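Knowing the structure of chain A, use the given hints to seat chain B on it.
There are 2 protein chains.
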Amino acid sequence: MTRTASPRVLPNIVNRWSPRAFDGSAVPQEDLDVIFEAAGLAASAYNYQPWRFAYAHRGDANFDAFLSALVPFNQTWAKDAGVLVFAVSDEFMRSDRGDNPNHSHSFDTGAAWANAALQALALGFHTHGMTGVDFEKAAEVLNLPEGYRVEMAFVIGRQGDKSQLPDMLREREIVSDRKPVSEIAFAGPFKD
Amino acid sequence: MTRTASPRVLPNIVNRWSPRAFDGSAVPQEDLDVIFEAAGLAASAYNYQPWRFAYAHRGDANFDAFLSALVPFNQTWAKDAGVLVFAVSDEFMRSDRGDNPNHSHSFDTGAAWANAALQALALGFHTHGMTGVDFEKAAEVLNLPEGYRVEMAFVIGRQGDKSQLPDMLREREIVSDRKPVSEIAFAGPFKD
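If you're matching them up, the sequences are chains A and B in order. Following the UniProt record's numbering, the numbering of the first sequence begins with 1 at its first residue and continues without gaps. Following the UniProt record's numbering, the numbering of the second sequence begins with 1 at its first residue and continues without gaps.
By construction, these hints were calculated from the structure, which means they are not laboratory data. Owing to the predicted nature of the structure, the values given are computational and were not obtained by experimental measurement. Cβ atoms here follow ideal geometry from the backbone N, Cα and C, with glycine treated the same way. Be aware that one or more of the hints could be misleading.
Claimed, not checked - Example chain A residues on the side facing chain B (calculated, C-beta under 7 Å, incomplete):
| # | residue |
| --- | --- |
| 1 | ALA26 |
| 2 | PHE63 |
| 3 | PHE92 |
| 4 | ARG94 |
| 5 | SER95 |
| 6 | ASN115 |
| 7 | GLN119 |
| 8 | LEU144 |
Unchecked claim - Rough simulated footprint, nothing fancy, chain B against chain A, three-plus residues with beta-carbon under 8 Å:
| # | stretch |
| --- | --- |
| 9 | 49-59 |
| 10 | 69-83 |
| 11 | 96-108 |
| 12 | 130-142 |
| 13 | 166-175 |
Bound conformation, chain A alone (with noise of 0.2 Å):
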């Protein structure tokens, strides 16, 4: 599966995409350690760093409560993930001296998972974001204080057969287009 892009594109963000199909197999915590480590690494407004991620290992005590927070059809295919990690971001830049929105909250912990993408490909891991995610539930189960907010849930793990999908979602197992740049980016006021 490939991808048209300038050949001047990094090739980790060209060859990023997001499977369904993963292997079952784990994670090595060290692995999953570098990749937070350059989620960590991005830009964010004031240095702020408002992203969290809270994570289960397939298997592990909390991997079911956390599969059950994504809506039904997510689950189908995401159990065969290494890991399954929730996005959080804290809403509020809080100090001494009181607590202020942060504007950039989401988007800067967004820029955090692009990073995690990235690295994890680098290791010879894939991802996949979802926001079919019941956000409800995944407040309750994460156990999320007030003033924080669930971004997405992406898993990572090694690629599996697309054999593996049912027919529908074996059909879906391609890399995606994208917009041109032309209708992404402009000289001047914005057109929509």
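Chain B alone, transformed into the frame defined by chain A:
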């Protein structure tokens, strides 16, 4: 300037940082296009690609207006970057069957920005993101329609000598630290 990180973290992720000294040189349009192509290859919910980038090259017809939408402090140094960009997200998933709020419009746009920052570095440029923006003025300058959100601004350019900065900023021209992985990622339920 160096940062302590695992040798397994991707070099572009480790080496990306946010200087304020830029040398005033232009960013060729073909390089800018590659940066936005990389941005557009980020993951997004349902592949909706909610990101938009409105930019001005230093010295073009829009640059001064774009610059005026930053807070005065950021104007003082951002004026020397080659390109000034506003990252905007589409708050809705729009279709013929109606528009639905997109849970991850900011988050996904943050992922695109992360790709852009890494790609820029790979091409020899530096970036610096800002939420020190007059968001109301930015929406005005961009002539932004309802339903789109200005997430942040960032500059792209070639690094300049920090001696060009005023004393106060020269001292801040350093690579920032990050929280340890143990503070941002944890197995199981949430810890703040």
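### Query
Which numbered conditions among the earlier hints are violated in the structure presented, ordered from lowest to highest?
Checked against the structure, the hints that fail are numbers 1, 2, 3, 4, 5, 10 and 13, while the rest are satisfied.
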